[in-house]
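> Grab the two chains, each in its own frame, and use the hints to assemble them into the complex.
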Amino acid sequence: MAAVTLTNVVKRFGVFEVVHGANIDIADGEFVVFVGPSGCGKSTLLRMIAGLEDISGGDIAIGGKVINDVEPADRGIAMVFQSYALYPHMTVGQNLSFGLRMNGNPKADTERRVRKAAEILRIDELMQRRPKQLSGGQRQRVAIGRAIVREPQVFLFDEPLSNLDAELRVQMRVEISRLHKELGVTMIYVTHDQTEAMTLADRIVVLKAGNVEQIGAPLDLYDDPANRFVAGFIGSPKMNFLSAKIVDTSNSAATIELAHHGGVRLRKPLAEAFPAVGAEVVLGVRPEHFFEAGEGDCDIPVKADVAEHLGSVSYVYANAGPEELIVEREASRQRASGDHFKVSIKAERALLFDKAGARIR
Amino acid sequence: MRTQNATAYRFLTPYLLIFAIFWIWPIVSSFMISFQATRTVPWRFAPAFNWGRLIGDPAFYNALTNTLLILVIQVPVMIALAIIMAVLLNSPLLKARGLYRFAFFAPVVVGEVAYSAVFRLMFSLDFGIVNKLLNSVGIPKIDWFSNVTPAMALIMIAVTWRWAGYNAIIILAGLQSIPEDVYEAATLDRVSRVKQFFHITLPLLKPVIVFCAVLSIIGTMQLFTEPFLITERGGPGGGTETLGLLLYRQGFRSLNFGYASAVAYTMAGLAIAITLVQLWLMREPK
Ligand SMILES: Nc1ncnc2c1ncn2[C@@H]1O[C@H](COP(=O)(O)OP(=O)(O)O)[C@@H](O)[C@H]1O
Ligand SMILES: [Mg+2]
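The listed protein sequences correspond, in order, to chains A and B.
Mind the numbering: the first sequence is residues 2 to 362 in the working numbering, read in order.
Mind the numbering: the second sequence is residues 1093 to 1378 in the working numbering, read in order.
Chain B extracted, bound-state conformation (with noise of 0.2 Å):
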């Protein structure tokens, strides 16, 4: 059994070693830099220095102010979306399921750049199909760009544009795992569709409905593509700069690696944070 073991660790070698270096090293280099001010040439141990300065930072708490407005808005809307997207997909009566979950799919592997570009097209002020829409209904174009409202509308209506389906293919394999029996004992006991949906379909989709939220949340936490591509680095003037672009442009305009590190930290200590508060809040009552 030992040697068995130790055969086993010897084959695993590459890939822990590559795992060690790659992955496990900057993990904590990066907690070390996080305590070392590194503005100066040597860098020098200060644990105040970048963890005090992010305790005053108003752009650190502009982005985080942003990110989670983000996050408390779009995951919530992004998930029910993708709740009835998955609960439409999983109907008898719909045609062509093949085709609909391959475009349900399909925003997630398009490329970031050509979506964003899309999206700025859509969205321009004065050629973009969204504000002709608008403007077709009666309502006033909007400045999707120059305001930070609207720009902040943009980015959750971008990001649900691009993982909504993503989270209903998810979501439609929790539903088909409910046995249909389970729904004709529902029937048999009259009990109607929209009842069986809410006191049957949604308690049995919890953990799934958990697993995407938990994923939405640690992906939205990092922010990035969206923001710096489609509203420019954050614009209009920072108004959505998310805490993944303040690290960016901490760790890699301005080279101030110590600062990026802890905004790092911070988003993943967010992160883990409020999965946990999530986890605990839909545990299975024993």
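The shape of chain A in the complex, shown without the other chains (with noise of 0.2 Å):
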């Protein structure tokens, strides 16, 4: 039993807030990613939940029980820190056993613990090597062990694999996933990687400069994004966002135009507030909802800058007037740098956002 709990939870330090009231409800078992640019709070965040920040304002609750004032070697949580934070004196089996040593745990029950989580790593063979002797990927593995050997009912991430290469990133994710399954407890997971959130997160908490922008799944990020942040951070490569004008508001649709596509209009269909006509709006359309001409609700005329051609996809950096779309294209490898050609916008496949951001639905 340990769900985990924010209710306004604030951090100044000094004068700088920089946590706004955050609420956040964590499942006991579920994976959570925090996910925002650098800066925006994260790290601090889970370490108000850790116990290594205090907390300005507001209760998180573990399992039920409020923990503002709980030591942090009380609160059923273990962290796995970015710099991996292994004691360099020490041997991997050292490293994995000190806590435990230190508190007089008993002998046989610390060396099941370790076998254990040497077992699940798969670090048994590294147990005589000091952290100088390991490979980054390894040296996260003896961070991990170390966290599940105190058996904790939380485990708190902050970016573990940022200091990682691309593929043995891949991998590690791949072993955490494997992980949480195999523990079944709480995870919570900080990020500025939108990839790592939306392969590990049962739910994906969207932060930027302190304030939660939106908690949901990762399919539901990406799909319903509330605001145009939410919608720039989640996916790659990022939202197109258009210019637009509302030119007219009736049988329950908007008619935009397009700001710099040649007065192009769109209808949308809308089921919430109107906004007003006349009022400027932007358009926000992924790179994979641009469709061949015709196909669409609207054309737009670009002119291919530079193609990335991925293999399974291509990605086109196109000039449209003085924006610059990034247009996916299945393996389209006849696209070259200076190729004219016309791409197509759903109205179904476009998100609506007022000028401050906020979703126009």
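Because the hints were derived from the structure by calculation, they are not lab data.
Take the hints with a grain of salt, since some may be wrong.
Claimed, not checked - In silico lysine-lysine, DSS-like type, Cα no more than 30 Å apart, as pairs:
#1 A:343 x A:246
#2 B:1298 x B:1287
#3 A:356 x A:209
#4 B:1287 x B:1187
#5 A:133 x B:1298
#6 A:117 x A:133
#7 A:108 x B:1298
#8 B:1287 x A:133
#9 A:304 x A:246
#10 B:1187 x A:117
#11 A:347 x A:269
#12 A:269 x A:66
#13 A:209 x A:269
#14 B:1287 x A:108
#15 A:343 x A:304
#16 A:347 x A:239
#17 B:1287 x A:66
#18 A:246 x A:347
Remember, it's a predicted structure, so these values are computed and weren't measured experimentally.
As structure tokens, then:
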């Protein structure tokens, strides 16, 4: 039983408020990823849960018990640091058992736990080595092993993969996923990498400048972002944003005119609020949602600038007036720099945002 | 590549010349001199003359004992003190850190004569502040300069005062190179501050502490200023005479260069031997 609940959590460093009242509910056994650009307060939130930073306001509860004033070691958490934070002068085995040994845990139990962790992470052969003699991936495993040995109710990860090379990162990502399934405990994972967030999370918490922007399952955030920030942050390559203006609202739809594409118009059915005619808006279209000319509701002409061919797909960086668009094309080997072509937008595959960035549904 | 090296050496020649004349040659020469009888003119080669005398010289054993005694007591006490000072300096609670850092380092740059004079005043029998303070807590005043044990203690106190801060600054640099998150990990592992110090800080400081210990041992082996200036040339009655003083007395008072050279080589040999033992004891487990 270890749900984690953050209620109006505030963090101030002196006069600087860096977390502005975060409300996050994490269910027992859930894998939640905090994602956001560097400096948005992800680590600060995680460190408050761990007890490494004081909580300036609000409450954090673990397993239903408010732990604001509970010692870090008594919160039932274990943390994996970005820099691994292994004890440099101890062997892998000593690193794993240090905490238990220091607390007079029975020797047999310590050995059992260390052996189990080493087995899970396949580091049995490294037990006599020192951190200096390990590769980045192996160090990461030891750091995770040290967390497992504590048998915590909640695992906290602070950008654990950011010091690894791309290939290893993918491999460790899978292992962390596997670990979550195997242990079935709550995991809170911090990263600035939206791919990690999308692939690992049961639910993602998107943060920006100390505010929770949206909480939801990865594909929900992808399909139905609450605002322009989330729309732009989730998904790779990024969503395209085209300036537009409302020219008509009628029959539960708004007609918008794109600003830079020769007066092209698009009729977008809306369910909720209707913006005023003349209001400036932004149309968001993901690279994978540009269709071939004629297939969508409106076509816009573009000129290919650079094409990246990844094999299965290609990304064409195209100029359309003053706006640069990223267009995904299935293995379009024929597209080359300088090509003129048309892409089509489907209203149901385009998102509308007001000038402040809020979603218009 | 060859010609580049040659050019480099040509640029280095002036330095190498000076180095050879003022460093290498005296080192080699004094080694030769230690095998010569230098009280006769001309000097003659007599290997047993100085070295033989050294082995049987009570003054040498007195100086050796004093030096080693100071070394064995003063160096560990000073290093321990330096570690404590460094930990305090590193505390986030400390205000005006720069000021303390300067204060700790200041004794090293104070002139030796001035510092010795102040110590003589502070420890003087009737007017010294130290005896006044001792008196005020009911301890009878101590005659620091006329008795061997207080005089030795005084030397150790003075040397410690002068060098503890210097070592603390070096150890502080070592402390600051230990990443903060290692301590955070230990905190999450429920390891108390005190245990963190003994199980994390000290082991990780080991290389720095060994470095400080080696420097201090070499320095103490050559100890000269304090017994020369504070206890007036190793007084009372040779009670604080060190190898450095013996060397000075033989070489520059009695002009017995051969014997002084033998003492000098003994000092250097001992320093090297102790340092090697030290490094071996503190070696990294493989
Ligand atoms: N100890 C601190 N003192 C003052 N400001 C801090 C401290 N730690 C973090 N901050 C500030 O808080 C904000 C959030 O930091 P952090 O949580 O580390 O961001 P993230 O992990 O999302 O990159 C940043 O603006 C950072 O400068
Ligand atoms: Mg961070």
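> Now tell me if each hint is right for this structure.
For each hint, the structure was consulted:
no., hint, in the structure
1, A:343 x A:246, "holds, 21 Å"
2, B:1298 x B:1287, "holds, 16 Å"
3, A:356 x A:209, "holds, 18 Å"
4, B:1287 x B:1187, "holds, 25 Å"
5, A:133 x B:1298, "holds, 16 Å"
6, A:117 x A:133, "holds, 23 Å"
7, A:108 x B:1298, "holds, 28 Å"
8, B:1287 x A:133, "holds, 23 Å"
9, A:304 x A:246, "holds, 23 Å"
10, B:1187 x A:117, "violated, 47 Å"
11, A:347 x A:269, "holds, 9 Å"
12, A:269 x A:66, "violated, 47 Å"
13, A:209 x A:269, "holds, 29 Å"
14, B:1287 x A:108, "holds, 19 Å"
15, A:343 x A:304, "holds, 8 Å"
16, A:347 x A:239, "holds, 18 Å"
17, B:1287 x A:66, "holds, 29 Å"
18, A:246 x A:347, "holds, 17 Å"
Hint violations for this structure: numbers 10 and 12, all remaining hints satisfied.
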